[in-house]
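Knowing the structure of chain A, use the given hints to seat chain B on it.
There are 2 protein chains.
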Amino acid sequence: MSTTTPRSVGLVRAQTAVFESPLALECGTALPAYQLQFETYGTLNAAKSNAVLICHALSGHHHVAGRYSDADKYPGWWDNMVGPGKPIDTERFFVIGVNNLGGCHGSTGPSSINPDTGKPWGSAFPVVTVNDWVKAQARLADRLGIDTFAAVIGGSLGGMQALQWSIDYPERVKNALVIASAPKLSAQNIAFNDVARQAILTDPDFFGGDFYEHGAIPRRGLRLARMLGHITYLSDDGMGAKFGRMLKSGEYQYGFDVEFEIESYLRYQGDKFSDSFDANTYLLMTKALDYFDPAKPFGGDLVKAVSGTSANFLVVSFDSDWRFSPGRSREIVDALVAAGKRVQYAQIASGHGHDAFLMMDHPYHELMHAFLNRVHEEVNR
Amino acid sequence: MSTTTPRSVGLVRAQTAVFESPLALECGTALPAYQLQFETYGTLNAAKSNAVLICHALSGHHHVAGRYSDADKYPGWWDNMVGPGKPIDTERFFVIGVNNLGGCHGSTGPSSINPDTGKPWGSAFPVVTVNDWVKAQARLADRLGIDTFAAVIGGSLGGMQALQWSIDYPERVKNALVIASAPKLSAQNIAFNDVARQAILTDPDFFGGDFYEHGAIPRRGLRLARMLGHITYLSDDGMGAKFGRMLKSGEYQYGFDVEFEIESYLRYQGDKFSDSFDANTYLLMTKALDYFDPAKPFGGDLVKAVSGTSANFLVVSFDSDWRFSPGRSREIVDALVAAGKRVQYAQIASGHGHDAFLMMDHPYHELMHAFLNRVHEEVNR
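Read top to bottom, the protein sequences are chains A and B. Per UniProt numbering, residue 1 is the first one in the first sequence, and the count goes up by one each step. Per UniProt numbering, residue 1 is the first one in the second sequence, and the count goes up by one each step.
It is worth saying that the hints were derived from the structure and are not from the lab. All figures in this text were calculated on a predicted structure; none of them were measured in a lab. There could be a bad hint or two in this list.
Identical copies carry no separate label here, and so any pair may be met within one copy or between two of them.
To be verified - Derived pair list, reagent style SDA-like, types lysine to any residue, alpha-carbon separation capped at 25 Å:
1. K272 - G208
2. K174 - N312
3. K248 - C27
4. K272 - A14
5. K272 - T202
6. K242 - T232
7. K304 - H362
For reference, chain A alone in the conformation it holds in the complex (with noise of 0.2 Å):
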């Protein structure tokens, strides 16, 4: 364990790196020129061996931790696992965060200038994949010269880009860290997905994905969007544990205001989303999601799939996690023993559901810490 007491990595700044040369995506179609949002922390070695790439969810970007200013209500989004004495030490780590394309928080987007018309991308903005997103991130290191990642870290759809890493680019990743993750979505996943995508698609403020043009958000939708994936991060029994049947007002109201505690909690947290994320970049990650399945080129067969890598895996699971259960982990598992891979795998008892991998529920943290100490001596070897 770290010795350094844990703290935050304190005030920190975005960073944009812009690049010229065209990425040929793999809808068939390429980014003539596109840029990354990107923050660091901590200090590249001389080595340039101990840099960890983080890699975001659906509704995440580049901002991991710290904040912007000391005015700033909320650090960044895992500020809780990265910083000096966090299990992502930032004292000996090298920390890399960045906003994936397709994003709506600095990187090219739909919500970004489209340079051929003057206008934001909208429904031109290309379907972006996690392959796509591999591919840019490895662009990203290349610019900071970094050849190898100490580690590619990432929960959820950001645990799907830290196998893609590993399978497309075994000499650059020496550990992956894949939490609350699936090898690929189930039909049940893509259904969830689906009504969230149609109730974007079909409110009339959408305008076909072009709604910039006509000073209108699609609110309506995103917020039902968000209303619904919310109830999918969390576990059943915590849903009851922390609202259960209490009512707004102590009392059956017999009307369609907020009734329960849990419709006033998902509303707010429905209307909040949608006043600041766009909803372009929830379609987008939400396909991504979909898409995502590296068994695919290799004939469905995971197996070989991961027989090229060479990483040390670390597959991290949540009991009460029923959006990416543990047994979709432990596909991934069978797989990496199967081909022979060095995998821990960890199933870890929480309340949290599929938001636990963003929390600080102490085994988890305690595991990451203990398998990131052996990163950190492996840097140092």
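Only chain B this time, still in chain A's reference frame:
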């Protein structure tokens, strides 16, 4: 077992019972007058002791079995369960199906004309609950001269009505069959309902519930509600076995049209439903689910709630049902056992999820048949 080869009840017709005296509702208002649409199959015996009431679930109605004409494409919703030689044997029982108040299949509901205004009730239709439905069904029983039901039977929301019947009219229910149900909704159950409701309530074509006068139908909202509901009716494994990741056109299209078969199926279900169901009825049915909590008047004590019942109970759950999991049925069973009541419980192995209660799974139908054989013997004793 019955000696009759199972067959259809054949051609049936719906009947209407008009009630001119007001019905006081749980919400505090009263329906001044109302009608109930119902169907009956089989013959009421001289002792009037062989009547069976079937209570419908969220999107159900009175048309339980048979066809209205030979040209009818589909029979009633529980035709596999109700008919000569079937578990609910119409050669033995006088079977009643009734559309609940607030419905959209002939009983007074939001799309009915409000006699005070000459316009559809719309937003003025009061919120109705399981208690109200049971009271209205009891009046229908009075009208038909039925003092005591040999059995009250229902699945899901229908099972809640069967349970409420046994509590509210203990002397009128000899047997209560509570299938794939729960003693109250969980926070997660309510959350799914609320997303469905918000989809309808925020549809610009909803017009606060008075869309009828605007010549509009909130199709988008109703479609989303149904798509979401449908996911919760199927099991993850069942959906995986039926659809998996099958693609509509064999290859990734990298766009927002239908990509996976599961999307095609869900959108079709949503479209079909939004063309035929009333949005206000959908809202009311989900609220009735949310409010159902027979233990509430007993300080939350379900044992006390069922302590006055005198029915024999059959409680049935399905192992792949995650909407109302077997654990929820066991809550009912545990309370009945603790109250010293006669109860049989079965957890049926089925891949059909919550929908299993409507399906022709043999162990389930054999169980129903066996239980209802005993009810039949009881009637003839």
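Evaluated hints:
1. For the identical chains of this complex, K272 and G208 are neighbours both inside a copy (23 Å) and across copies (23 Å), given an alpha-carbon limit of 25 Å.
2. With identical chains, the CA atoms of K174 and N312 are at most 25 Å apart within one copy only, with a shortest distance of 6 Å there and 64 Å across copies.
3. In this assembly of identical chains, K248 and C27 lie within 25 Å of each other by CA distance solely across copies; the values are 17 Å between and 47 Å within a copy.
4. Taking the closest pair of Cα atoms, K272 and A14 come within 25 Å of each other only inside a single copy of the chain (23 Å); across copies the shortest separation is 48 Å, beyond that limit.
5. For a Cα distance limit of 25 Å, the shortest separation of K272 from T202 qualifies both inside one copy, at 20 Å, and across copies, at 16 Å.
6. Taking the shortest Cα distances, K242 and T232 sit within 25 Å of each other both inside one copy (15 Å) and across copies (22 Å).
7. Proximity of K304 and H362 under a CA criterion of 25 Å is satisfied in neither setting, with 35 Å inside one chain copy and 41 Å between copies.
Hint compliance for this structure: hint 7 alone is broken.
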